[in-house]
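Colleague: The two chains are supplied separately, each in an independent frame; assemble them into the complex guided by the hints.
As they're listed, the protein sequences go chains V and W.
Per numbering that gives the first Met the number 0: the first sequence = residues 0 to 410.
Per numbering that gives the first Met the number 0: the second sequence = residues 0 to 285.
Hints were generated in silico from the structure; no laboratory data involved.
Cβ coordinates follow ideal geometry from the N, Cα and C atoms, glycine included.
A few of these clues could be false.
As the list claims (entries may be wrong) - Away from chain V, derived, C-beta distances all over 12 Å, residues of chain W:
1) 5
2) 81
3) 103
4) 150
5) 157
6) 168
7) 221
To be verified - Covered by chain V, per the in silico footprint, the following chain W stretches (three or more residues, Cβ under 8 Å):
8) 111-122
9) 204-216
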Amino acid sequence: MDKRSDHRGPRLLRPTRRAALQLGGAAVAMPFIARLAYAQKGPVNVGVVLPLSGANAQFGVNSLRGIELAAEQINKAGGIKALGGAPINLVVADSTSTPTTAATVGQRLITQNSVVAILGAYASSLSIALSEVTERRDIPLLTMSFSDQITSRGFKNIFQVVAKASTLGRAQLTETAEIAKDAGQTLQRVAIMYEDTAYGTSQAAGIRETAKQTGITIVMDEAYPLGITDVTPLINKLRGADAQAVFPASYLNDGLQIIRSMRQQRIGIPVIGGAGGYIIPDFKQGLGEFAEGVLSIAPGSHDLAPELTAEFRQRHGYFMTHEALEHAVCLSVLVQAIETSGKADPAAIRDTLHTTRFDQGWAKAMTGGAVKFDQTGLNTLSEPLMVQWQGDDLVTVGPSKYAKKKPIWTA
Amino acid sequence: MVVIQALVDGILIGGVYAVVSIGLTLVFGVMGIVNFAQAEFLMLGMFVGYLAWAWLGLDPLIGSVIAFAVVFALGCVVQHTLIRRVLRAPPVAQIFLTVGLLIVIENAALLGFGSQFRSVTTPYQTSALRLGDLFISVPYLAAFLMSVVSGLALWLFMNRSWYGRAMRATAQDGMAASLMGIDADRMRRIAFGLGVGLTAFGGAVILPYFTVHPTVGAQFVVLMFTVVVLGGLGSVAGAIVGGQAVGIIQSLSAMAFPVQLQNLVLFLVFITVLALRPQGLVGGAR
Numbered sequence: 000m001d002k003r004s005d006h007r008g009p010r011l012l013r014p015t016r017r018a019a020l021q022l023g024g025a026a027v028a029m030p031f032i033a034r035l036a037y038a039q040k041g042p043v044n045v046g047v048v049l050p051l052s053g054a055n056a057q058f059g060v061n062s063l064r065g066i067e068l069a070a071e072q073i074n075k076a077g078g079i080k081a082l083g084g085a086p087i088n089l090v091v092a093d094s095t096s097t098p099t100t101a102a103t104v105g106q107r108l109i110t111q112n113s114v115v116a117i118l119g120a121y122a123s124s125l126s127i128a129l130s131e132v133t134e135r136r137d138i139p140l141l142t143m144s145f146s147d148q149i150t151s152r153g154f155k156n157i158f159q160v161v162a163k164a165s166t167l168g169r170a171q172l173t174e175t176a177e178i179a180k181d182a183g184q185t186l187q188r189v190a191i192m193y194e195d196t197a198y199g200t201s202q203a204a205g206i207r208e209t210a211k212q213t214g215i216t217i218v219m220d221e222a223y224p225l226g227i228t229d230v231t232p233l234i235n236k237l238r239g240a241d242a243q244a245v246f247p248a249s250y251l252n253d254g255l256q257i258i259r260s261m262r263q264q265r266i267g268i269p270v271i272g273g274a275g276g277y278i279i280p281d282f283k284q285g286l287g288e289f290a291e292g293v294l295s296i297a298p299g300s301h302d303l304a305p306e307l308t309a310e311f312r313q314r315h316g317y318f319m320t321h322e323a324l325e326h327a328v329c330l331s332v333l334v335q336a337i338e339t340s341g342k343a344d345p346a347a348i349r350d351t352l353h354t355t356r357f358d359q360g361w362a363k364a365m366t367g368g369a370v371k372f373d374q375t376g377l378n379t380l381s382e383p384l385m386v387q388w389q390g391d392d393l394v395t396v397g398p399s400k401y402a403k404k405k406p407i408w409t410a
Numbered sequence: 000m001v002v003i004q005a006l007v008d009g010i011l012i013g014g015v016y017a018v019v020s021i022g023l024t025l026v027f028g029v030m031g032i033v034n035f036a037q038a039e040f041l042m043l044g045m046f047v048g049y050l051a052w053a054w055l056g057l058d059p060l061i062g063s064v065i066a067f068a069v070v071f072a073l074g075c076v077v078q079h080t081l082i083r084r085v086l087r088a089p090p091v092a093q094i095f096l097t098v099g100l101l102i103v104i105e106n107a108a109l110l111g112f113g114s115q116f117r118s119v120t121t122p123y124q125t126s127a128l129r130l131g132d133l134f135i136s137v138p139y140l141a142a143f144l145m146s147v148v149s150g151l152a153l154w155l156f157m158n159r160s161w162y163g164r165a166m167r168a169t170a171q172d173g174m175a176a177s178l179m180g181i182d183a184d185r186m187r188r189i190a191f192g193l194g195v196g197l198t199a200f201g202g203a204v205i206l207p208y209f210t211v212h213p214t215v216g217a218q219f220v221v222l223m224f225t226v227v228v229l230g231g232l233g234s235v236a237g238a239i240v241g242g243q244a245v246g247i248i249q250s251l252s253a254m255a256f257p258v259q260l261q262n263l264v265l266f267l268v269f270i271t272v273l274a275l276r277p278q279g280l281v282g283g284a285r
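So that you can see chain W by itself, here it is in the shape it has in the complex (with noise of 0.2 Å):
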C-alpha cells in the first residue's frame, strides 16, 4: 500500500515535472539553444496566474491559459528581437544571451513585484480523495490532469496540425525548409512562444500548491535540466518520461532513505542513465 501510495504521488508530481520542462526540449529541439532562462519563464507564468486570481478573481487552473497566452506573446517577442540573432552564433554568445535573459527577468520581477512570496487560496488545496487507504491529492491530480491535456494537445499540434510538420522540417533542415516555402523565421517565433508558454502554464497549474516569488525559478531549473536531459535533450517524448522518472524516483526514494537524500539518488540514477544511454532514455526519436 505505501508502496502503491508513493508511486501515485511521483506519477502526479513528475506529470507537473514534465509539462514545465517540455518547454526547454522544445526549444532545444527546434533551435538547437539551451535556454537557461527558462525558469524565469515559470516564475512569470506563476506570477500572470496569481495576477489572474487576485484581481480578476479566477482560478489558476483557468488562469493557467491566459499565463500560457501572455507569456506565449512575449516569447514571440523575445525570440524575433533577440535569440534570432545568435542563432548561429557560437554557443557561447547564446549561453551569454539566456542567462543575461535569466538575470533580466528576475532582477524585472523583483522590482515590479517585490521580493514578496504570494500564494493562492483555493477550496480545493488542502482537500484529497481517498480510495481506501490512498489519498490522492486533488491540487496535485488537478495540476497533473492539465498537464496531461496540455502534453496531447501539444501532440495533435506536432503532429496533426501543417503548422507541427512545418516546424519539424524546420528542425531538421532550417534552409531546406526555406526552399519549400516555410517561413523558417516564424516557426521559430511560434517554437519558442510555445516552449516558453508551456512552462508559464505549468507554472500556473501548480498554484495551488506552491507560492511564487520572482527568485522561484532558482527552485526548479536544476529539475527542469535533469528531466530533459535524462528524457534525451530535444525529444518532447523523452521530457514526459523523464519527468516522470524524476517524480518517482524522488518519491520512491523517500521510501527507503532519508528524504534529504531524495535528490541523491536522483542524481545517481541520472549519472548511470548518461553513462549507460548518453543520449538519454528516448534520445533520437523526435
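If we strip away everything but chain V, and leave its shape as in the complex, we get (with noise of 0.2 Å):
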C-alpha cells in the first residue's frame, strides 16, 4: 500500500477506504455534536419560518418585525439570565407561500442552524407542512396559524398560541348574531365565501356547523382559489343571495377586491371578515372610507395591551397587526419556557411549554392576560375578538369585557 502511494497524488483527496470511513464516521456524528452545542453559552439560535415573498408576504412581513422587536427587547434587558445572558439569535427563512418549501427551509434550519425551536409560518398550510418536519425532528413548533389540524393530530412538538379556527368561525357567527340583535335584527340568512387553503376551509366550517346549531340559514357558501384574478362571479352570486350579512375569510388581495366589488354594486350589507386580509393596514390602505365599518374576528387585538405594542407603531408607522403581536407573543413564551427549563434543549423546552402557564412579557397581551398549552398544544386561554374599522383605526368591538367601543350594525 504504502509504496503505490507514491503515484497517487496528495494524500488528502485520495479516495481510501480509511478516508470514505472518517467521513462516514463524522457524518454520522453530525447530529450528536450538534446537540451537544445546545449546552453551550453562546447565543441561543431560534428558527424563524414566514413567507416573506409570495401571495403571503405582507403577513410575513409584518409578523417578522413583531419577532425582530420582542427578540431586541429580550436581548436589550439581558439575554436569557437562565444561561448566563445568552442573546437570542433569529434564524429567518423564507418559506415563500409554498407548503412544500416551508417543510424544506425548516429541514435546512434544524440540520445546519441547530436551532432550539421554530417559530412560524403565518399561514395554516405552511404551518402544517413545516409541522411534519419539527415533530419528525422533535423540535418545538410555535405558532399562530389558527386551522385545527394543527392540534388535531396529536403531535407532540407544537403549540398554537390562538384559538383554532373552528373556535374563531363559532364566534364569528355568534358574535354577530349579538351585535345584529343589539341594534333590533335577528339574523337569518347569511353568506360565507372563503379562500380555499387550510385557514378559509377549517373557518367556514366553524361558521357552517354553529349556524345549524343556531337555526341561521347558511343561503352562500362558496370556496375559492386564494390566487383568485376575478371575485365578479363570487359578488354576483351573493347579490343574488339575499343574505343579511356576508362572512369572507380572505387574505389581502382577495380581500380587497372582494369589498371593492361589492361597493361596485351597491351591495351594503355588513362585512364580517374572518381575519387574515381583513385587519391590517394595507386593507384600510387599499379601500380607504370603504373600509370603514367592517367588522372581523381576531385571535388578538393590540389595544388590549397599548402598553406592550405602542413600540411597534411608533417604530412601524402603523398598529402592531395581530400577527406580528402573536408571533412576539410566541417568542416570548419560548423564552420564558427556557428560563423555567434552565436548558436551551428541545425537549426540555417542550416538556416545560406543556406544563407552565405563562404570564410575563408578550403573554399579557393575549386575551385571558397569559397563555396556557393543554396536552395537545393549544393555547386554553385565548379567545375570538370582534374587531371594527372605525375612523382610522381597527378597535375591539367585543366580547364586551374587552370592548374598547360600542360596535355600529349598518343593516
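Modeller: Written out as C-alpha cells, the structure is:
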C-alpha cells in the first residue's frame, strides 16, 4: 500500500477506504455534536420560518417585525438569564407561500443552524407542512396559524398560541348575531365565502356548524382559489343570495377585490371578515373610506395591551397587527420556557411548554393575560375578539369584557 | 338577466386577459421562442404604473402608456443582449434562458421593491354603471376599453405600417427578409419590445382593481399560456379569441358550478379544444 501511494497524488484527495470511513463517521456523529452545542453558553438560535415573498408576503413581513421587536427587547434586557445572559439569535428563512418550501427551509434550519425551536409560518397550510418536519425532528414549533388541523393530529411538538379556526368561526357568527340583536335585527340568512386552503376551509366549517346549531340559514357557501384573479362571479352570487350579512375568510388581495366589487354593485350588507386580510393596515390603505364599518374576528388585538404594542407603532408607523403581536408572544413564551427549564434543549423546552402557565412579557397581551397550552398544544386561554374599522383605527368591539368601543351595525 | 350579467363580466375580463397575452403570442409568432418570463413583465408594468401613480399622481390608465414605453425599452435591451443569442440554439437553451430571466426579474423586484402588496386608490374603482339590473364595473370597463384600443393599435401597426410588414416577413423567413434589405435583428428587437411592452401595458390597466407585488406574475402565468394556446400559439387574433373564451368560460361556469371549479371547467374545455383542434381555435391564421 505504502509503495504504491507515491503515485497517487496528494494524500488528502485520495479516495481510500480509511478516508471514506472517517467521512462517514463524521457524518454520523454530526447530529450528536450539534446537540452538544445546545448546552453551551453562546447565543441561542431560534428559527423563524415565514412567507416573506409570494401571496402571503405582507403577513410574513408584519410577523417578522413582531418577532424582531420581541427579540430586541429580550436581548436589551440582558438575554436569557438562566443561561448566563445568552442572547437570542434569530435565524430567518423565507418559506415563500408554498408549503413544500416551508418544510424544506424548516429542515435546513434544524440541520444546519441547530435551532432550539421554530416560530412560524403564519399561513395554516405552511405551518402544517412545516410541523411535519419539526415533529419528526423533535423540535418545538410555536405558531399562530388558526387551522384546527394544527393541534388535532396528536403532535407533541406543536404549540398554537391562538384559538383554533372552528372556535373563531363559531365566535364570528355568534358575536355577529349578538351585535345585530343589540341593533334590533335578527340574523337569519348569512353568506360565507372563503379561500380554499387550510385556513379558510376550517374557519368556514366553524361557521357552518354553528349556523346549523343556532338555526341560521346559510344562503351562500362558496370556496374560491387563493390566487383568484376575478371575484365578480362570487359577488354576482352574493347579490342573488339575499343575505343579511356576509362572512368572507380571505387574505389581502382577494379581500380587497371582494369589498371593491361589493361596493361597485352597491351591496351594503355588513361584512364580517375572518381575520387574515381584513385586519391589517393595507386593507384600510387600499380601500380608504370603504373600509369603514367592516367587522372581523381576530385572535388578538393591539388595543388590549397598548403599553406593549405602542413601540411597534412608533417604529413602523402603523398599529401592531395581530400576527405581529402573536408572533412576539410566541418568542416571549419560548424564552420564558427556556428560563424555567434552565436549558436551551428542545426536549426540555417542549416539556416546560406543556406544563407551565406563562404570564410574563408579551403573554400579557393575549386574552386572559396569559398563555397555557394543553396536551395537544392549544392555548386554552385564547378567546376570539370582534374588531371593527372605525375611523383610521381597528378597535376591539366585542366581547363586551374586552371591548374598547361600541360596535356599529348598519343593516 | 343573470346570464347576460355573467356574459358581460366575462367579455370585460376576457379583454384584459387578451391584452396581457397578446405579447406572449407575438414573441412566439415572430421568433419562435416561448417566453416563460412574460408574466414577470406584467409585474414590471404594474410596478411602473404603481410608481407613476405614487410619485407623479398619474392615473394608472395614463401610467399604462409609461409602463409600455419603459418595458418596451427594457425588452429591446433584453432581446439584444440575451434572447438574440439563443435564437438558433436548441429549445432547451431557450427554456433555460427565459426561465432564468423569470427568476432573476422576480428576485430583483423582491430586492428592489420588497415583498409588500401595493394598491392604488382611484375614485372610480368602487363604482359601476347601472343599466337596469345590469352592473358594469367601471375599472373592468376602463381596462377593457384600453385593451381594445391597444389591440386595434397593434393590428394597424402589423397590417398597415412598413414595420409591421417587415416584421411579418421576418417571422415567415428571416433569411429571405434579410436579403430584401430588412434588418431582421432590429425587427426581432422591436417585436420582443412590443410583446413585453403590451403585457406591461395590460398590467398597468388592471391596477385599479388588482394589487401588485413581486410574485404577482405567478397568478397570471398559467392563464396567459392557456389563452394563447387555446387561441392558437403565434396568432394575435387567436390571443384575442382565447382571452374572450377564457373570460366567458370562467364567468359562465360560476353560474352552474362552485366558483372553486371555474378553472376545472376552463381546463376541461381547453383539453377538448386541443384534442379536436390542436392548432387552437384560430390556429394557422396569423
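Colleague: Now tell me if each hint is right for this structure.
Modeller: Results for each hint:
1. 5: Non-interface label fails for residue 5 of chain W: nearest chain V Cβ at 7 Å, not farther than 12 Å.
2. 81: 24 Å, holds
3. 103: It holds; residue 103 of chain W is separated from chain V by about 14 Å at its closest Cβ, greater than 12 Å.
4. 150: 19 Å, holds
5. 157: For residue 157 of chain W, whose nearest Cβ neighbour in chain V is about 28 Å away, the distance exceeds 12 Å, so it holds.
6. 168: 36 Å, holds
7. 221: Residue 221 of chain W is in fact no farther than 12 Å from some Cβ atom of chain V, at 9 Å.
8. 111-122: holds (count 6)
9. 204-216: Check passed, 6 qualifying residues.
Consistency note: the structure conflicts with the earlier hints numbered 1 and 7.
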